[in-house]
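Quick mapping for you: the protein sequence lines, in order, are chains A and B.
When we follow our numbering, the leftmost residue of the first sequence carries the number 25, and every step to the right adds one.
When we follow our numbering, the leftmost residue of the second sequence carries the number 25, and every step to the right adds one.
Because the hints were derived from the structure by calculation, they are not lab data.
It cannot be assumed that every hint is accurate.
Just so you know, same-sequence chains aren't split out, so a pair can sit in one copy or run between any two.
Said to hold, decoys possible - Computed cross-link-like contacts, SDA-like style, restricted to lysine to any residue with a CA-CA straight-line distance of at most 20 Å: (1) Lys131 to Asp113; (2) Lys190 to His67; (3) Lys130 to Ser62; (4) Lys340 to Leu280; (5) Lys250 to Lys331; (6) Lys212 to Leu342; (7) Lys191 to Pro154; (8) Lys131 to Asp255; (9) Lys331 to Gln155; (10) Lys331 to Asp36; (11) Lys89 to Gln300.
There are 2 protein chains.
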Amino acid sequence: MSDFWSSFPGMDTALSAVSEYIRTATASSNPIIQDALSELFEHQGKMLRPGMLILASQFGNPDPKRIYPLAAAIELLHTATLIHDDVIDDSPVRRGLPAVHMRYGKKDAVLIGDFLLSRCFLVAAEYTTPQNAIHLGKAISAICAMELDQDADRFKPSLSVRNYLKKIIGKTALLFSLACHVGAAEAKAPPQVTERLRRIGYNIGMAFQIIDDILDYTGNERELKKPIGNDLRSGLVTLPLICALRQDREEKLLPLVQTDRFPYSDIPTLLSLTQQLGGIAEARRYAQLYTERALREIAQIPQGVAKQNMEQLAKKLLIRTY
Amino acid sequence: MSDFWSSFPGMDTALSAVSEYIRTATASSNPIIQDALSELFEHQGKMLRPGMLILASQFGNPDPKRIYPLAAAIELLHTATLIHDDVIDDSPVRRGLPAVHMRYGKKDAVLIGDFLLSRCFLVAAEYTTPQNAIHLGKAISAICAMELDQDADRFKPSLSVRNYLKKIIGKTALLFSLACHVGAAEAKAPPQVTERLRRIGYNIGMAFQIIDDILDYTGNERELKKPIGNDLRSGLVTLPLICALRQDREEKLLPLVQTDRFPYSDIPTLLSLTQQLGGIAEARRYAQLYTERALREIAQIPQGVAKQNMEQLAKKLLIRTY
Chain A
25 MSDFWSSFPG MDTALSAVSE YIRTATASSN PIIQDALSEL FEHQGKMLRP
75 GMLILASQFG NPDPKRIYPL AAAIELLHTA TLIHDDVIDD SPVRRGLPAV
125 HMRYGKKDAV LIGDFLLSRC FLVAAEYTTP QNAIHLGKAI SAICAMELDQ
175 DADRFKPSLS VRNYLKKIIG KTALLFSLAC HVGAAEAKAP PQVTERLRRI
225 GYNIGMAFQI IDDILDYTGN ERELKKPIGN DLRSGLVTLP LICALRQDRE
275 EKLLPLVQTD RFPYSDIPTL LSLTQQLGGI AEARRYAQLY TERALREIAQ
325 IPQGVAKQNM EQLAKKLLIR TY
Chain B
25 MSDFWSSFPG MDTALSAVSE YIRTATASSN PIIQDALSEL FEHQGKMLRP
75 GMLILASQFG NPDPKRIYPL AAAIELLHTA TLIHDDVIDD SPVRRGLPAV
125 HMRYGKKDAV LIGDFLLSRC FLVAAEYTTP QNAIHLGKAI SAICAMELDQ
175 DADRFKPSLS VRNYLKKIIG KTALLFSLAC HVGAAEAKAP PQVTERLRRI
225 GYNIGMAFQI IDDILDYTGN ERELKKPIGN DLRSGLVTLP LICALRQDRE
275 EKLLPLVQTD RFPYSDIPTL LSLTQQLGGI AEARRYAQLY TERALREIAQ
325 IPQGVAKQNM EQLAKKLLIR TY
């Protein structure tokens with residue numbers, strides 16, 4: 025497992041238990057499913073969403089027998105969307121491994137994603153309240169609708185900051201928000217705290233995705249376990265480029281991202297121009313803004329270990345390099 | 025709506041109510057979703073699965089406010105699998121219209137299918153018991169796993185009858201069985217009747233799929249609203265061909281379905297050879313067998329309108345031509 029959580033007491037044990045639920049929930053006599061998923065879950069990412077769900081549950085009285093399966097459901101959902109996204113975006117690599125569709129073909133990747141979605145709902149139906157299952161269903165619908173918006177805008181570099189922010193809501197912030205919300209609700213945290221955690225998850229999610237998009241420009245490929253410049257290659261315009269274009273008074277960058285050339289332009293040139301025009305720095309300010317919003321909400325919650333953990337998480341995610 | 029249900033009193037009204045739930049459940053501010061789904065649900069098929077769910081609920085005390093949404097959930101699930109299946113099989117036509125992926129691209133088709141899946145679960149979480157939501161989740165997992173099996177066997181014409189039957193369990197019988205099961209359970213039908221209906225749905229589903237596969241050989245394209253020979257063209261070996269191969273003593277058919285030639289062989293020749301070798305007649309006997317099993321189970325249920333309806337349905341599906 026990633027050592028991301030090593031500074032959060034008890035989290036490694038908790039996430040191991042979540043992994044066990046994931047293994048049980050995805051057990052199948054089908055060899056393709058078994059093969060594809062065991063590999064994928066062995067090379068688990070940071071398990072941020074289940075981790076946040078567990079942190080949020082600590083604001084109430086968490087029953088591990090209900091919280092861990094729910095955390096597993098969130099990770100199953102996340103993994104399902106990753107598999108389908110990689111099919112959709114034709115991304116070759118995930119977690120340092122060939123993406124599922126590269127190894128098993130697009131057909132099987134669609135089915136494996138559907139399988140995970142159904143297991144996510146199954147776990148939710150078995151272990152959570154109908155109300156939390158409803159939150160889950162609504163969140164997935166919203167995520168799909170927002171992804172469809174994003175697909176419609178592909179290869180249109182005229183994207184505004186506003187549109188970008190709207191899109192990453194669906195891509196990331198909704199699921200972070202959902203994780204915090206259902207974790208707190210399932211542990212019967214006070215309603216105002218639960219509501220606040222929903223907003224905290226949202227803001228941390230926004231900051232997280234902006235940093236993710238920055239790392240696609242500036243990151244270290246070995247640390248990230250994926251090539252940089254990936255988004256540009258698949259025609260995805262993210263905040264650094266949008267911010268850089270706003271400073272592109274001499275029109276050095278603009279011609280390179282016109283629809284007739286983009287995304288066949290030289291990727292290293294795009295990366296360095298975006299950096300030079302201050303696109304990275306400006307994007308980082310947005311991430312900081314969302315982190316500050318999260319921290320302001322966290323500050324309103326009564327003192328305690330749960331609060332300290334959430335604060336640590338928000339800060340840690342802002343300065344991460346992988 | 026299809027006039028398939030016209031001989032079942034009250035069913036047209038009930039299915040109109042189900043359609044209304046479907047419209048509400050799939051409402052979205054996203055124009056692509058709105059566009060794709062309104063068209064798809066306007067050209068509704070026979071709505072067999074929701075219809076069966078409603079028939080099964082009549083063995084208990086159905087509350088329309090719970091049964092109709094559950095019937096809508098089953099149709100949403102079915103539609104989601106159709107959209108993903110058409111992506112997977114590259115089928116160009118569905119319900120006489122271009123398949124969703126033909127109009128909106130494969131990427132959007134995957135997302136629209138995911139959207140429908142999530143709406144299916146949302147409706148289930150809102151209107152049904154957790155136990156029925158669990159049945160739903162399990163059924164979808166099983167369907168995906170079985171589809172993956174099917175994909176692995178594509179273009180391998182050595183398929184046995186046993187393998188074929190195993191596959192159509194996942195493709196059709198499970199969902200028919202689920203529809204009957206959850207319809208009866210939600211209406212609190214007696215447990216033995218509910219259990220019997222699960223088996224009835226299964227057997228009707230098996231017969232239904234065999235007839236469907238026969239119609240791909242013998243059907244009238246205008247009545248079916250799709251080209252015949254579709255399965256062969258996409259490399260899908262179904263029961264008529266398997267039965268014909270067992271009678272192919274002079275090896276007229278076998279060479280045409282060897283992996284190096286199939287599915288590029290002449291489709292009309294394959295269709296007529298399958299017919300001549302008795303493959304259609306033999307497949308029809310299998311359909312009859314499953315229908316008889318369903319009828320034997322139905323015979324065990326106490327007299328009443330619900331029983332008569334179920335009997336009528338089983339017989340009607342066996343002799344259908346579209």
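*Is it within a copy, between copies, both, or neither that the alpha carbon of Lys340 lies no farther than 20 Å from that of Leu280?*
neither (35 Å within a copy, 63 Å between copies)
*Up to 20 Å CA-CA - Asp113 versus Lys131, copy category*: Answer is both; intra-copy 14 Å and inter-copy 8 Å each pass.
*First find the shortest C-alpha distance between Lys331 and Gln155 inside one copy, then the shortest across copies, and answer within, between, both or neither for a cut-off of 20 Å.*
neither (25 Å within a copy, 36 Å between copies)
*Evaluate Lys130 and Ser62 at a C-alpha cut-off of 20 Å and name the case that applies: within, between, both or neither.*
within (18 Å within a copy, 27 Å between copies)
_Identical-chain pair category, Lys89 with Gln300, by Cα at 20 Å_ = Cα proximity of Lys89 and Gln300: none, with 51 Å in one copy and 61 Å across.
*Lys212 and Leu342: within-copy, between-copy, both or neither at 20 Å Cα*: neither (29 Å within a copy, 53 Å between copies)
*asked:* Regarding Lys250 and Lys331, is the shortest C-alpha distance of 20 Å or less found within a copy, between copies, in both, or in neither?
replied: neither (33 Å within a copy, 60 Å between copies)
*Within a copy, between copies, both or neither: where do Lys131 and Asp255 come within 20 Å Cα-Cα?*
between (23 Å within a copy, 16 Å between copies)
*Between Lys191 and Pro154, at a C-alpha cutoff of 20 Å, which is it: within one copy, between copies, both, or neither?*
Neither: 28 Å inside a chain and 33 Å across chains, both beyond 20 Å.
*What label fits Lys331 with Asp36 when the C-alpha limit is 20 Å: within, between, both, or neither?*
within (18 Å within a copy, 56 Å between copies)
*Since the copies are identical, ignore which copy is meant and state whether Lys190 and His67 lie within 20 Å (CA to CA) inside a copy, between copies, both or neither.*
neither (30 Å within a copy, 33 Å between copies)
Checked against the numbered hints given earlier, the structure breaks hints 2, 4, 5, 6, 7, 9, 11 and satisfies all the rest.
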